[in-house]
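Undergrad: Please put together the full structure from these sequences, using the hints given.
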Amino acid sequence: MIKKNPHILLILFTLILLTGSYLQAQQRFPKPEFDSGYLQPNPTQPEPRAMALEYFDVLVLLAVLSLASWLAIKKRSRRGLLWLSVFSLIYFGFYRDGCICSIGAIQNVALSIFDSGYAISITALLFFVLPLLFALFFGRVFCASACPLGAIQDLLVINPISIPSWIRKTLGFIPVLYLALSVLLAATGSDFIICRYDPFIGIFRMDGPALMIFLGITFLFLGMFYARPYCRIFCPYGVLLSWMSKFSRRHLTITPSECIKCKLCEGSCPFDAIEIPVEQSYRTPEVSRKNLKRFIIYIALIPVLTVAGGWIGSRSHIFMSRVHPDVYLAELMISNPELREDEENLDIQAFLESGDTFEQLVEEAAVIRGKFRKGSMAMGGFVGLALGITLMNQVVFRRREDYEPHKGDCFSCGRCMDYCPVEKNVNL
Amino acid sequence: MKKRSLTILVLVIVVIILGVIIVDFLGNRPDKRGENPYALEVDQYKEVDDELISHKETRNFSLGLMISTDMSLHEKKLYISGNSSLVVLPLDGSEATMHEILPGATCLEVDSQHIFIGFGTYVAKYSHDGELLQEWPDLGERTVLTNLAIKGDIIYAADAGNRRIVIFNREGEQTGQFEGKAESEAGHGFIVPSANFDLAVNSFGELWVVNPGKHALEDYSDDGRMRGFWESRSFDIDGFLGCCNPARITTMEDGSFVTSEKGLVRIKIYDQSGKLLSVVAPPDLFTGEDLKAPEVCADEDGVIYALDFKRDMVRVFEPIELAE
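Chains Y and X, in that order, give the protein sequences.
Under numbering that gives the first Met the number 0, the first sequence has 416 at position 417, and the numbering climbs by one with no breaks.
Under numbering that gives the first Met the number 0, the second sequence has 19 at position 20, and the numbering climbs by one with no breaks.
Warning: the hint list may mix true and false statements.
For the chain X half of the interface with chain Y, some residues (derived, Cβ under 10 Å), not all of them [unchecked claim]:
hint, residue
1, Leu8
2, Ile15
3, Leu17
4, Arg32
5, Gly92
6, Ser93
Among chain X residues calculated to face chain Y with C-beta under 7 Å, some are [to be verified]:
hint, residue
7, Ile16
8, Leu25
9, Asp30
10, Lys213
Here are the simulated lysine-lysine pairs, DSS-like style, with alpha carbons at most 27 Å apart [claimed, not checked]:
hint, chain 1, residue 1, chain 2, residue 2
11, Y, Lys370, X, Lys2
12, Y, Lys168, X, Lys31
13, X, Lys2, Y, Lys262
14, Y, Lys406, Y, Lys73
15, Y, Lys292, Y, Lys245
16, Y, Lys262, Y, Lys74
17, Y, Lys168, X, Lys45
18, Y, Lys245, Y, Lys260
19, Y, Lys262, Y, Lys168
20, Y, Lys260, Y, Lys74
21, X, Lys213, X, Lys75
22, X, Lys150, X, Lys31
23, X, Lys180, X, Lys45
24, Y, Lys245, Y, Lys73
25, Y, Lys262, X, Lys1
If you're looking for bench data, these hints aren't it; they were derived computationally from the structure.
Think of the CB as a built atom: it goes at the ideal place given N, C-alpha and C, for glycine as much as any other residue.
TA: The structure is reproduced here in structure tokens:
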């Protein structure tokens, strides 16, 4: 039987590997058990997985991304994408406790670039890079079927509304700010805010701080009316995916061949990511002149906004650096020396017990503040540049004859494909 | 609901989410944190049923030693070691005497012939006049002697650093050692997370050693074979809690044990099988932070003497019927 089915051997081998990893992961000594009713505080991160399982996770991610690309572009199956996203929700969300995810991996990558003492694991790096590579070639198939955060929101889209474009675009700028801030804080070793404010981790782990649970429930409630609110208003990884996806050559299309402009798909996208055809006739000489004028102004504004952003960032570095616990602690101990005697202040007591001197702490804080000076300037410049490019894009005229998904905003969920009669005719 | 209302609802929720995140982000600072989520509240375990309390504090003796380390009771005299002095305190009220000893005393034990004092890594033998008779060989850098016990001509020394009991003869020759290990699951070996490792020989000549990591008292033969044990792990009054309790023990005439715990300080009496008999001193008699377990001694009348390290005094707890 094995000769006929060699893959059975492979399955058996994989099962043995998995079992072995679990056995290794068991604690050597059980924790003492007291009948006291005392509840152990929950750890903020799940226990580390065996290395073999981490590589297996990368393989699963690769398989899901490949399958999602095929389902979105070749097979054109909304149903397939939906079931694949359910699998990802269960596997990457509930089974793997939502960690490590590609979104949070931004911080690992940022820290590894700016801190030579931090080595990023190859699996974390692959979780960061693979979805971006797929977005570069096939669009945001990661959002469609591999992201557990997207999947849980997608399942609760009940009565999505389309909000005015200017509000949508204003809200859509929040992820850029969030990305810049999270990279700055990770690069300076201050905080991993993406993980701290991940709203769905608490749901995946069926446990978590009250704030996390509150955010999770609120986002899901909001998602009933404003589809995928986290993806559209907060997700910093979505910014990177959007940039990559804009260059994708083989992106999902609404119609498999020629669009008949029946408008059936127009309201099908709960994310307002369908761009309607723009007739050439719209481009009158008067409109063109007006747009050209605005385009020149916005082009000129880009360096101005970049420099202004950099200047504001640089000016705010003292305030920003207080996010780092060492800087805050040093300032606190300078301004309130009496707090050294406060036995209730765990941070100060922990520092005093560490054996480091106060002078060392102040020195360390000064070094960190120096990093913030450069980092805040870069962050401000980046935000200014992104704002300038966003403004410029508002006046760039792109001729469009078909109904097309917006490559940057489209999550490749495939809802629109089901509305296209062209495809239905082909299938018939 | 109309689209306009839903749009407003969406915006309001987004503002709430942003507000909550910003408030939490700015609020999570060393001087703005709430309660320590890892704090272990033990206040509820400080209350003890009055019916369990068998003793009453009747008097105390201030020592003036500044740093006291151990205490032993022999022939109605309390022997208390300080850093470099030994106080002999007669219980009949007569004047206390003080002898100069080597610096760094950590423990002592007294019998009719000698006074043995442990100095961290070695033991010294003194006469009852306070004369240094012999310094025994140093047991090595890792040694931390925490307590001594005497059985005839055998002197047992508890070495917390190496998690072992070292056996000497009266002349200071090391005749053996044991680590409490055995084939059975019970003989795990001594688990000693901190320098709290006590032992005692009772009136029947049995050697009992505390295994603090297991919250157990273990009975050993002269050559270190385990003969029996009992353990009691609980937050409630009938057991021991924390990493290293009972930190100190002594035995009474009938073979029962007086135990003394650190952290949540409690002095209790257990029978030979480990059943709680009574409470000598409940936790509310000991106040302050990072409290050490008082060293305890017991006389033939059931009076318990507790060396309170923080207050630098010996506190006397008499059985209630005797006190009244």
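Undergrad: Could you work out which of the previously given hints the structure breaks and list their numbers from low to high?
TA: 5, 6, 8, 10, 11, 12, 17, 21, 22, 23
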